[in-house]
Amino acid sequence: MIKKNKKKLILLSDLDPILTRFYKFKFEKLKNWKSIIAKSYPKALKQIEKEKPQIVISDIILKQGNGFKLIKKIRKSKNKKISKIPIIILTDLSQLSDSKKAKKLGATEYLIKNEVSLNDVIKKIEDL
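Just so we're aligned, residue 583 is where the sequence shown starts under the working numbering, counting upward by one.
Some hints here could point you the wrong way.
Claimed, not checked - Pairwise CB distance ranges (calculated):
(1) Asn648 / Pro599: 14 to 22 Å
(2) Ile643 / Asp702: 18 to 26 Å
(3) Ile600 / Lys663: 25 to 33 Å
What the hints assert, rightly or not - DSBU-like mimics (lysine-lysine), calculated; alpha carbons at most 35 Å apart, straight line:
(4) Lys658 / Lys645
(5) Lys655 / Lys613
(6) Lys628 / Lys608
(7) Lys685 / Lys628
(8) Lys705 / Lys608
(9) Lys655 / Lys589
(10) Lys658 / Lys606
(11) Lys645 / Lys686
(12) Lys606 / Lys645
(13) Lys654 / Lys608
(14) Lys634 / Lys666
(15) Lys590 / Lys660
(16) Lys606 / Lys628
(17) Lys589 / Lys682
(18) Lys611 / Lys645
(19) Lys685 / Lys625
(20) Lys685 / Lys632
(21) Lys632 / Lys662
(22) Lys611 / Lys658
(23) Lys616 / Lys655
Since the hints were made in silico from the structure, they are not lab data. Glycine residues also receive a C-beta, built at the ideal position from the N, C-alpha and C atoms.
With the hints as constraints, model all of the structure from the sequences given.
Quick look at the structure:
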């Protein structure tokens, strides 16, 4: 459970620069949450290990890797602070097989970009 008095730190990993900047801006302006943007799998891993965010939001499609690999790496971390991070997959991939695979690997939520609003994502984060 995330402490209410502590500023949330969210890692956003997605290839879409407009989406990540929009989410970062809204998280910081609407909710006073801090956000880190990582456009590739290696950068996301590096930032997760360095910053230990409270939430990871990632697409499946990433540079130099993918969201499935990211979920596996997070869940297999020897550092409990990292292995227990809630992971929200936010993607265009709407096939049930992708959703099942992500959940089986340890994703907390699997959201389809064109089916959810920013407010839906904020609500999911607050519920975690």
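35 Å limit on alpha-carbon distance, applied to hinted pair Lys589 and Lys682: holds (31 Å)
Would the pair Lys655 and Lys589 pass a check requiring their Cα atoms to be no farther apart than 35 Å? Status holds; Cα separation ~25 Å.
Under the criterion that the straight-line Cα-Cα distance not exceed 35 Å, is the pair Lys658, Lys645 satisfied? OK: Lys658 and Lys645 at ~21 Å, within 35 Å.
Restraint check for Lys654 with Lys608, where alpha carbons must lie at most 35 Å apart: holds (28 Å)
Taking only the CA atoms, is the gap from Lys685 to Lys628 under or equal to 35 Å? holds (23 Å)
Just tell me: holds or violated, for the beta carbon distance of Ile600 and Lys663 against 25 to 33 Å? About 31 Å separates the Cβ atoms of Ile600 and Lys663, which means 25 to 33 Å holds.
Asp702 and Ile643 - C-beta distance against the hinted 18 to 26 Å: holds (20 Å)
Restraint status (C-alpha distance of Lys655 to Lys613 at most 35 Å): Since the Cα atoms of Lys655 and Lys613 sit roughly 29 Å apart, the hinted pair holds (cutoff 35 Å).
What's the verdict on Lys606 and Lys645, does the C-alpha distance respect the 35 Å limit or exceed it? holds (20 Å)
35 Å limit on alpha-carbon distance, applied to hinted pair Lys634 and Lys666: holds (10 Å)
Would you check the hint for Lys590 and Lys660, treating anything up to 35 Å between C-alpha atoms as holding? holds (22 Å)
Keeping to a limit of 35 Å between CA atoms, is the pair of Lys628 and Lys608 held or broken? holds (24 Å)
Against the hints set out earlier in the document, no violation occurs for any number.
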